[in-house]
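Novice: Put together the whole structure using the sequences plus the hints.
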Amino acid sequence: MPMSQTHDQATSTNIQTEQRTLAVQCRGVIKEFGAGQARIRVLRGIDLDIYAGETTFLVGPSGCGKTTLISVIAGLLRPNEGTVSLYGEMTSQMRGGALVHFRAINLGFVFQQFNLLPALNAAENAAVPLVVQGMSLSKAVRKASELLERLEMGKHKNKYPNQLSGGQQQRIAIARALVHNPRLVICDEPTASLDAQTGHAVMEMLQELAGAPDRAVIVVTHDSRIYSFADRIATMSDGQITSVKTKQESQLTSDVNH
Amino acid sequence: MLKIGVLITILTGTGNTSNMWRIALKMLFNDQAKYIGLVIGVAFSTLLINQQMGIFLGLLSRAGALIDDVPEANIWVMDPGVKNLDTVFPLRDTELSRVRGVEGVQWAVPYFKAMATVRTQTGQLESALLVGADDQSMVGIPSVFVMGSAEDLRKPDAVAVNEDGFGKVWRGEKISLGNTVELNDRRAVVVAIIKDSPKFTSSITFYTRYSQALAYTNNGRNQLSFVLVRTSPDYTEKEVTENINAQTGLMALSSSDFRDKAVQYVIDNTGIPVSFGTVIALGIIVGVCVVGLMFNLFVLENLKHFAVLKAIGTSNFRLIGMVALQACVVGFVGYGTGLGAAAMFFEFAGRNPNFAGFFLPWQIAIASGGVAAAIIALASMVALRRVLFIEPAIVFRG
Ligand SMILES: Nc1ncnc2c1ncn2[C@@H]1O[C@H](COP(=O)(O)OP(=O)(O)OP(=O)(O)O)[C@@H](O)[C@H]1O
Ligand SMILES: [Mg+2]
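So the protein lines, in turn, are chains A and B.
Letter 76 of the first sequence, counting from 1, is numbered 76 in the numbering used here, and no numbers are missing.
Letter 129 of the second sequence, counting from 1, is numbered 129 in the numbering used here, and no numbers are missing.
To be clear, the hints were calculated from the coordinates, so they are not data collected in a lab.
Zero decoy hints are in this set.
Computed from the model, here is a short list of chain B residues facing chain A with C-beta under 7 Å:
#	residue
1	K26
2	I312
3	S315
Chain A residues, not near chain B, derived (Cβ > 10 Å throughout):
#	residue
4	M90
5	Q93
6	L164
Short, incomplete list of chain B residues facing chain A, as computed with Cβ under 8 Å:
#	residue
7	M20
8	R22
9	M27
10	K304
11	T314
12	A393
13	V395
Even glycine gets a Cβ: it sits at the ideal position worked out from N, Cα and C.
Specialist: Here it is as structure tokens:
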């Protein structure tokens with residue numbers, strides 16, 4: 001690894017696989033919006049490492065820059081300064097076309113508002129990343145349908161988003177995020193539009209489906225009820241990472257605090 | 001609609017891309033209200049352009065109807081001041097023999113035309129066109145006889161009337177021979193019914209022999225409106241017209257030149273081009289506005305979805321392809337619908353004598369396709385820009 005690790009987590013926990021693969025590496029990431037007087041610095045020098053095989057939660061108060069950070073990590077926004085590497089490839093330096101291609105292969109997304117295409121049925125929606133990669137629609141839909149069967153969503157595969165409940169839509173969205181087997185899955189508030197029970201079920205599904213040694217999952221959330229699904233919790237405040245702890249560590253601190 | 005996708009796959013030979021295009025088509029057809037609105041917008045413009053241009057050109061071509069009905073003659077000789085077929089100045093009778101003496105003239109015959117007043121069966125007065133053709137050759141009488149024949153015109157007081165004219169003079173009567181009519185207060189007997197080209201001004205036309213026509217219009221001897229000429233096979237039209245001009249001081253024009261002149265006269269001296277032009281321009285403007293607004297609305301409503309596709313890894317190039325395809329499909333379907341509607345208009349309108357002879361020229365059909373393409377291009381330009389510059393990061397915003 002070229003750079004020294006700022007957060008040395010290897011000492012304390014049971015996730016001590018010595019050869020952990022570094023999935024995301026942010027170094028000195030600065031992101032500003034606006035120009036001139038109105039210029040605001042939303043990310044103020046982010047250093048963060050995220051490992052494959054883990055689910056990392058990104059938490060912090062509203063407006064602290066969580067969404068901005070995952071947008072930068074995903075290559076949807078370019079940092080003003082600093083670097084982002086995904087699996088050793090410096091995406092922050094990639095040219096537009098290469099970056100788009102990289103995203104198509106390596107990234108999966110889950111959004112708070114599901115963001116399914118209303119014109120496509122469930123199976124077609126879940127198949128979109130495969131089609132984007134160049135697979136024929138019919139073949140992609142077949143693969144997506146298999147995945148939906150596994151999720152016990154098979155009976156809904158021909159339904160359109162407006163015929164599905166929020167929880168069902170989010171399951172389809174999770175299938176879409178994983179159908180092409182990406183190495184990094186980014187979820188922004190995946191349970192915020194769902195009731196507690198559905199949210200829990202959706203997270204269970206995400207964990208089951210996404211959990212793989214060569215895949216990293218990032219979940220931005222306000223929802224403390226689902227913290228149990230985290231392997232590691234990164235806390236953000238005012239554009240900076242203030243701590244990265246394992247679940248056990250953070251449970252300890254919150255026990256102390258209360 | 002699947003066929004379009006297949007067609008595109010074949011055309012582009014890129015199976016991969018066509019699958020994104022199928023998604024684009026699903027997006028388009030999913031919003032049925034807007035899709036139909038867009039198609040109607042393009043169809044409306046196409047229909048207006050074709051229908052108005054068809055009528056316009058049909059009207060214009062009527063300015064040369066008399067010329068079209070005498071294909072035997074290929075040169076018309078007239079007073080040098082003549083600008084169209086409606087305003088003629090009589091030539092001296094002697095001019096006929098002078099023209100006949102010009103080198104390269106195979107034959108030359110007199111042709112008479114004048115307006116006459118006719119009293120219809122119900123006592124109403126209508127103005128009618130009276131054509132007098134050469135007594136011997138009958139050159140100048142249209143060739144399509146619905147009833148009777150050119151030979152019948154040799155009888156005394158015999159006239160032929162065009163089919164539409166018959167309907168105007170004897171309203172509601174089935175066409176028949178033997179009816180009499182007062183032409184400028186003189187008795188005429190209908191011995192033949194003719195199908196002629198529709199005229200620009202008057203729809204009642206009586207055809208008769210030259211000598212008979214003079215009898216109906218009793219204003220003296222100078223009645224030769226035109227001299228109709230056929231060139232000898234060894235001479236070109238140009239040579240013969242030049243010879244006639246030089247030797248007689250009259251104006252000789254080839255049939256097609258005279259026709260163009262008559263059409264040009266209508267273009268230059270009537271409000272017809274302006275009024276048709278205005279309607280067509282309005283059709284195009286409304287088309288651009290309606291299609292532009294709707295298409296932008298469509299893209300705007302789908303912007304979030306395009307952003308999702310972009311985030312998932314769809315290149316700008318593909319996204320533009322998708323939007324362009326959506327625009328093209330709207331354009332094609334709208335153009336087809338509009339053209340079909342225009343064709344139907346001419347099909348049905350052609351049965352009405354007022355629209356007789358109007359048709360949809362293929363050049364206009366193609367040109368209106370160009371206009372439809374321009375409308376689509378204009379309408380989708382802004383939309384394409386929008387899609388090109390979407391910030392994919394908006395996918396995370398509510
Ligand atoms: N495109 C932008 N232009 C200007 N300011 C922006 C833009 N995007 C985000 N911001 C600002 O950056 C700050 C951080 O926003 P961000 O959405 O990253 O916060 P967040 O931690 O995700 O908040 P929340 O928990 O409410 O989702 C906010 O003050 C926001 O107003
Ligand atoms: Mg946020």
